[in-house]
Structure formats: structure tokens, C-alpha cells
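Trainee: Please model the entire structure based on the sequences and the hints provided.
Protein chains: 2
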Amino acid sequence: MRYLGIDVGGTNLKGAVVTENGEILKEASCPTHADRGADAVADAISTLILDLTCGEEIVGVGVGCPGTVDDERGEVIYSCNLNWIHYPLREKLKERTGYTVKLGNDANVAALGEALVGAAKGAQSAVILTLGTGVGGGVVIDGKLLQGYTGAASELGHMVIVDGGRKCGCGRMGCFEAYASAEALSRMTREAMAQHPESQMHRLAADYGAVDGRVAFDAQAAGDAAGDAVVRQYIHYLAVGVANIVNLFFPEVIAISGGVAKQGERLLAPLRQEVSALEYGAAYTVKHPRIVGCTLGYQAGVIGAALLAK
Amino acid sequence: MRYLGIDVGGTNLKGAVVTENGEILKEASCPTHADRGADAVADAISTLILDLTCGEEIVGVGVGCPGTVDDERGEVIYSCNLNWIHYPLREKLKERTGYTVKLGNDANVAALGEALVGAAKGAQSAVILTLGTGVGGGVVIDGKLLQGYTGAASELGHMVIVDGGRKCGCGRMGCFEAYASAEALSRMTREAMAQHPESQMHRLAADYGAVDGRVAFDAQAAGDAAGDAVVRQYIHYLAVGVANIVNLFFPEVIAISGGVAKQGERLLAPLRQEVSALEYGAAYTVKHPRIVGCTLGYQAGVIGAALLAK
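Each protein sequence line maps, in turn, to chains A and B.
For the first sequence, position 138 (counting from the first letter as 1) is numbered 138 according to the numbering used here, and the numbering increases by one without interruption.
For the second sequence, position 299 (counting from the first letter as 1) is numbered 299 according to the numbering used here, and the numbering increases by one without interruption.
Derived from the structure by calculation, the hints contain no laboratory data.
There could be a bad hint or two in this list.
Because identical chains share one entry, a pair is satisfied inside a single copy or across any pair of copies.
Derived SDA-like pairs: lysine to any residue, alpha-carbon spacing no greater than 20 Å straight-line [unchecked claim]:
id, residue 1, residue 2
1, K287, R73
2, K287, D71
3, K287, H86
4, K287, A194
Mentor: Below is the structure:
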């Protein structure tokens, strides 16, 4: 059985023909050019679908889109990245391709991929947390995505962890995203650099050409005290949010992706230690969630979209 | 079809024979006397089961217990209230009654009752939040309790909303429970009374014989400024946690029970208003969670336990 997955990104549209085990057989991509408007993007998605399905026997097509996606209505309710409001994507794609696609939020769909055939393969339940520009992710329980009443569930980044704290892009104060995104890490790094002219972070940022998520971690590894403090502070906030996720969902696996996850065990080892102390009833619990890195990389989106159609 | 539900409380054991629609046909209860030890309590539960099932054709028996309960292992992993650690309750009850019981956490099980036949009857998904001594509850999606990998999921009260804030009974700092329980409301009331000797809260507390959850609400209703401030502060924290629950689960219904819920619309109307502004993507969402009061009262536990066995 073969499925087609489409990942609608702000920059590129990606598509792949995928087996039921998540193996990619064929891929293609093209620029999104969201500024052309929704209909033109839907046309480009349709062309990608027709190109990739040509000569293939495809059982189902799934599409992951940024924003709030309502599969029941067949609509992208609201996508800030694409500038779409109540866009009837399923109907448009059906008209042009003949396929009735399944729709999902892009981060949720990528989480489904990691849960079913990636980092959390075989697990009873998994939460995938993406530490990128924002904090996104998805929750998969018994092989099924948690979508909620509207498709807007699993907005993991928009859980307040510091009431009255840093302003988040969503308008609330103190969201997890405002403390645990790669962007938040860069901001903490910039703040610490301003206070510590002696820090090695200045040299590293100059080498990299930017203050990004690597600077503090690499400074810490080089024995820099200010870099160490930034990493500890960042991991503290990350642990608060991850421990909340544990106490709410208690998943078998928490898998982390996105730019910051590239730090691997430099991030994961101290995170595990801090989270385990914050789990509710930790002293008596027999089974603890495993905290791991994601494994599918950028392909999680197309694989998950394909498996959504399964 | 008839089911038996048992609600193991710190003070009383309650049992009821329940129809598949949640109607109670017969009830009984007896004191728990947890200090007698786990085996003696299991004996008392067994007697209650045998008494209530006598002469009845019972299809299944469900038991709700405080603490972390692992139905897969048939164990109460840890119950602070009962002082049980890794107690094999299913095996003990099977020996004495012949029934293979389903086990669940008491708050989760009560949530199942409210979700299936109470406040959220017919809803696709529901989160039940109990504002009592602590903050507990349960999450029900497509008629199924969210149990997590260990049965420890849905610890709604142990989600940090103020990192570094008030110490919670669980040991973490800033848990939702430390701000939104009836106990937290009483504490805020006491603090405001100490600062406002002129407040009507002093007279009300004297009338009630205690500083409880009613004092600030009744003072507010009587036009007392300090009482009004306490209620607003309390509802703010409650709204932060409820909005987090919306952004994580986006359930169709959020139903509130426990002592504070007795305030009805005095609590719910301002809560709805504050939460709706904090929902992620609220401006474009078509469907919003309904925030309502629970309807089954103290019977939610036995009804939910019975339906757990369904």
C-alpha cells in the first residue's frame, strides 16, 4: 500500500510517496510563494500531487499545513504563515486532483510520523516537541493524533508556564514558547552577552555570523561560565514545560526535534535529570517517559502526512 | 446491563449498581478506616461488592481509588491518602469476590462519569476539573479516559503556571493546584483579610465559622472591594490553567466540580470571558469549548467507576 504525503511549508511544498511502514519511495518539492494567494498555492499543491501520483497506485493522500486545520470541515481555519483564513483546501484539491485528502496541522502531522515510524515507533503514546522558531508539536495516543474538538489541540508552546512573564507571539504572557524556543534561547544568549563582555560567546557568535542556538551550548562546552548559565536557565524552562507535559499526558516517549535538538545529549542528559525530579509521584512510578531526540528529520512532515491518510 | 461502581475515598467507601446509562439502581457505603491497613480496606471493599451484587446480574465491576493507579498491572502504585504503595488491589478483590475489577484513579473515574452521562454527555471530548482541597480531574476523549503510559496522566493540578511560585503539596513550585484549589482561594482570602480589617470578609468568616471558599465570593456580591479583588485574582489564575487546558486538549466541554464550583455563574461567567481571550487562535476558531458546571455531584465517582467496567 502506498500513500502520498504533502508538507505545506511557508517556503517550500514538499511531497513524497510513502509505504505503510513510512519508507519514502519518491520525493519532490517546489517553492510555496504564499504571496500568490491561497488558490495559486492550492494549484501548486495539486500539481505536486498529480506529478507524484502519476503512474502510482496511491491509496490515500494526506496534507500537513501550518495553522489551525479542521479536517472535519476540510478547511484551514487560520494560518498566520500562509495568511489563509477559512480556506476550503480539501474542496480545492478535490476539484483539481480528484483525491479527497486528509488534512492536519503540519507540526501534528510530523509528530504522527515520529510517533508511528520514527523516534517513538512502537510506543503506546508519544509527545513530540519541536524547538524551532516557535515551540510546536503533537500528541499521539494509541497511534492516533490528539486533534481536539477543532483540530487546534496540542498547542504545546502556548501553555503558560510563567504567569505574567515574557510576551509570546500569540499575545499571552509567559507561554512555554517564549522560554523554550530556539528564538528564546538566542534572546537569552544575547542578554547574557550584553552583561558579560568577557564571555567566549562573543567570539563564537562572530564565527557563526549570528547569535543562534549553538552559541551558548558551545561556550558551555568550552568552559565559559556565562554560556553555562544560559544553557542551565534554558534547560530549566524547558524542563518545567516538559514536566507539565509528563503530568498531563504521561506519554511513553517524549521526542524532541527542531534546531535546539541538534545539541543531542548536551541538551537531553541534563533535561532528563531535571524532568525526572518534577514528575508527579516520581518516587513510586515504575515506568517513566523516555526523553529522546527525533529521528526522521525534515522528512517527518511528508511521512506523517502520508500516514495520516492511512 | 448492570454495572457495579466502587468509589474508594479517604473517609468512606461508596458503591452503586448502575445501568449502562448511568442511572443508579442501588447504593451502599461504609467507612474506609484506612488506618487499618490495605488488606482490611480491601476486605471492606469486597464485602461492599458482595452485598451490592447479591441477587443482581452484574456484567462488570469498576473501582476508583485515590492516587496513581495502574489498571494494566492491577495495582494502586501509590496513594498518599490511603498510604498504599504498590498494592495489588485487583488480585485481592478477585480472591475475595470472584470479580475481575477494572481500576482507575478516583478523579479520572469521576470525570468519566461526568463525560459520559453528566455535564459533558454526548461531547466528543471533555476535561473535568475538580476544585477541591487540591485540583484534580480527568480527560475523556472519544469516550475513553486518558490514562497515559502508567495511569498517571491527567494530573491537571500539577501543571506549573507560575515558575518559581507558590510551593505545591507535590513539591514543585507554582503548580496550578497552588493557585486554583479551594484551599488556595481560602489562603488568598486570609491574606486579603489580614490586609483589610475593614472588609466584610471578617464578618462573613465569623458567620460561617471558618475562612472558606464562600467568604470572598459572598463579600464580592455584597459590594466589598477586598472580596472582589480576591475573586478576580483567583479567577485570573483559574483562567490561566483552564486556557492552558484548552490550548493543549481543545476539548468540546470543560466541566468544573468541587467546592468552588458551587458558586455557579458567579465563577463561570467571568471565567468564560477571561479564558476566551486566552485561547490560541481564538479570533478565527469556529468552535469554542463550553465551560460548564458538573451535574452528577458526589455520585460521579460511583457512576464513573461503574462505566469504567463497561
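Trainee: For every hint, state whether the structure bears it out.
Mentor: Going down the list of hints, with the structure as the test:
no.	hint	in the structure
1	K287 - R73	between (39 Å within a copy, 11 Å between copies)
2	K287 - D71	between (34 Å within a copy, 13 Å between copies)
3	K287 - H86	between (43 Å within a copy, 13 Å between copies)
4	K287 - A194	neither (43 Å within a copy, 45 Å between copies)
Checked against the numbered hints listed earlier, the structure breaks hint 4 alone; every other hint is satisfied.
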